[in-house]
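For reference, the chains in residue letters:
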Amino acid sequence: MGVYEGPVQVLIDELGRLPGVGPKSAQRIAFHLLKLPTEDARRLADSIIDAKARVSWCTRCFNIAEGDLCSYCRDERRDGAVVCVVEEPRDIVAVERTAEFRGRYHVLQGAISPIEGIGPEHLRVRELLVRIGAESVEEVILATNPNIEGEATAMYLANLIKPLGLKVTRIASGLPVGGDLEYADEVTLGRALEGRREV
Amino acid sequence: MTAQAARVARLALTDFRCFTNVEVELGEGLTVLRGPNGQGKTSLLEGLAWPARARSIRGVPDAALVRAGADAAVVRCEIREGTRTQSFAAEIHATGRNRLQLNGNAITRHRDLFGVLRVTVFTPDDLELVKAGPALRREYLDELLEMLAPRYVAATSDFDRVLRQRNALLKSAAREGLDTTTLAVFDEQLVSAGGEVVRGRLQLLTRLVEPARDAMRALGEGDDIAFAYVAEWGGGELVLDDLDSVEDRLREGLETLRRRELERQMTLVGPHRDELRMRLSGLEARTQASQGEQRSLALALRLAGHSVVTELTDSAPVLLLDDVFSELDARRSAVLVGLLPSGQTLLTTATAVPSGVQPACELLVQDAKVGVA
Numbered sequence: 001m002g003v004y005e006g007p008v009q010v011l012i013d014e015l016g017r018l019p020g021v022g023p024k025s026a027q028r029i030a031f032h033l034l035k036l037p038t039e040d041a042r043r044l045a046d047s048i049i050d051a052k053a054r055v056s057w058c059t060r061c062f063n064i065a066e067g068d069l070c071s072y073c074r075d076e077r078r079d080g081a082v083v084c085v086v087e088e089p090r091d092i093v094a095v096e097r098t099a100e101f102r103g104r105y106h107v108l109q110g111a112i113s114p115i116e117g118i119g120p121e122h123l124r125v126r127e128l129l130v131r132i133g134a135e136s137v138e139e140v141i142l143a144t145n146p147n148i149e150g151e152a153t154a155m156y157l158a159n160l161i162k163p164l165g166l167k168v169t170r171i172a173s174g175l176p177v178g179g180d181l182e183y184a185d186e187v188t189l190g191r192a193l194e195g196r197r198e199v
Numbered sequence: 001m002t003a004q005a006a007r008v009a010r011l012a013l014t015d016f017r018c019f020t021n022v023e024v025e026l027g028e029g030l031t032v033l034r035g036p037n038g039q040g041k042t043s044l045l046e047g048l049a050w051p052a053r054a055r056s057i058r059g060v061p062d063a064a065l066v067r068a069g070a071d072a073a074v075v076r077c078e079i080r081e082g083t084r085t086q087s088f089a090a091e092i093h094a095t096g097r098n099r100l101q102l103n104g105n106a107i108t109r110h111r112d113l114f115g116v117l118r119v120t121v122f123t124p125d126d127l128e129l130v131k132a133g134p135a136l137r138r139e140y141l142d143e144l145l146e147m148l149a150p151r152y153v154a155a156t157s158d159f160d161r162v163l164r165q166r167n168a169l170l171k172s173a174a175r176e177g178l179d180t181t182t183l184a185v186f187d188e189q190l191v192s193a194g195g196e197v198v199r200g201r202l203q204l205l206t207r208l209v210e211p212a213r214d215a216m217r218a219l220g221e222g223d224d225i226a227f228a229y230v231a232e233w234g235g236g237e238l239v240l241d242d243l244d245s246v247e248d249r250l251r252e253g254l255e256t257l258r259r260r261e262l263e264r265q266m267t268l269v270g271p272h273r274d275e276l277r278m279r280l281s282g283l284e285a286r287t288q289a290s291q292g293e294q295r296s297l298a299l300a301l302r303l304a305g306h307s308v309v310t311e312l313t314d315s316a317p318v319l320l321l322d323d324v325f326s327e328l329d330a331r332r333s334a335v336l337v338g339l340l341p342s343g344q345t346l347l348t349t350a351t352a353v354p355s356g357v358q359p360a361c362e363l364l365v366q367d368a369k370v371g372v373a
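In order, the protein sequence lines correspond to chains A and B. First residue of the first sequence: 1, per my numbering; consecutive thereafter. First residue of the second sequence: 1, per my numbering; consecutive thereafter.
By construction, these hints were calculated from the structure, which means they are not laboratory data. Where is the CB? At the ideal position from N, CA and C, for every residue including glycine. Check each hint, because a few of them may be wrong.
[Claimed, not checked] Here's a subset of chain A near chain B, in silico, CB distances under 10 Å, partners left out:
(1) G117
(2) G119
(3) N147
(4) I148
(5) E149
(6) V187
[As the list claims (entries may be wrong)] Okay, the calculated bits of chain B under chain A, using three or more residues with CB under 8 Å as the criterion:
(7) 107-117
(8) 141-151
Excised from the complex, chain A in its bound form:
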């Protein structure tokens, strides 16, 4: 790909570092930005700087927070005895949409992945253990992703937390609600059978 005049190439390079943005998209976004009226471009730049300045990590659960604690940790009505462990802040949003969970969260900020050089020491695991010790937590729900890395992380945490005498649960994986059994693929149906429960 050709190299552009100084500042344009810098912009393309910076955009290209964003997740999910390849060199071609970076170029397209850059030229879109250059065509914008100055005030529109400034609004975007300001919003990035503003968000970066005002948002940080919740000191308790490591969700994104404006201030010391995130909105879930500030909410006194929430049940502190149950902690739902997720990989990323966006997973909290997914769990919240269910409106089924009234406990608190803990964000690991990733999952164990040796390929990417991410071990448990790079995740907020120590902080989780500290919380378990300090707050009166009774149950930890492991809601990491149902893939190799998420399962490994869940297994790792279970091995660590179970000996402490807490209830440790893993979210079930299975059939989508509203779907037909006959259309479920064998793998999903197999897992759903494994995780069946008495009624």
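Following the hints, put chain B in place on chain A, whose structure we already have.
Okay, now just chain B, sitting in the frame of chain A:
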């Protein structure tokens, strides 16, 4: 055989290999693709088979499939089975994710394509199945497993992922010291994903023996063949009776080989280390059989795979024969022709087809164009 047979009724390729744009209607029975070498016969088979595995049957990366100068290759086909017609489309990108569609719906997981199209491929390179190292024979078994149940599509890809993660962990242990708690987690994952693959292979192998013997007999070779599944980590040959103890053996193997794994910084326990050993009249097929016997055995393996898949899925895969007769003598060619199951078959050749072959249709592939011969 009462099995149904899926067939590709229409195939359109855009910017795929040498083809800018080509569209063919394909009938039931035998279609012969004739034409000089290097004109696109094999590429046409490759395009037709792409939906079956969501990758090239020649084992090349997707980038190799995109015509030089184009952004993406497109494979579109209509697959007919009984009265049902499914339409498949794939946009194959040299870099980045491919876009797949089945009956107009986007598909994100490989296993959602399960069973849409199955192919059995014969190539002149099949001789390597017998002669080369164990990797190709493992691939032979795994490709068949993936045609048999979506469970194995998930198991093999899970295992690959676990293996890569675990190897990375063993490598980092050399630099940063061993984190035993994390290794224990990946050990357990290796056991469950690997166990599924090993058990699948053992069951499959048992089913392959008889049809392979039948094929050898028909090819005029001795039918005293024996398959053995050898797992060094499991203490040698594993048999069907070991099915229930595979996971325990994997755990024991991890225990025993722990030190060597850490020294060599790689996973030494699991199905990726196993060997399918074949014997002909008591002799090692890989090193002690004659070239002719090895060729027959390679054909027998393909035919046996085809018959097992047909039997278990109740649907015959599409047969693709890429230039196979150029490497076979007249006798073996004649036998192979006689053994070919009915169902859709595509055969490429640069020369004449062997006697006894009665094509329902002949197409001429030349200059990256396809016409009626």
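Against the structure, the hints come out as follows:
1. G117: 7 Å, holds
2. G119: 6 Å, holds
3. N147: Holds: closest Cβ of chain B sits about 8 Å from N147(A), inside 10 Å.
4. I148: 5 Å, holds
5. E149: 7 Å, holds
6. V187: 5 Å, holds
7. 107-117: With 3 residues close enough to chain A, the hint holds.
8. 141-151: holds (count 3)
The structure shown violates none of the earlier numbered hints.
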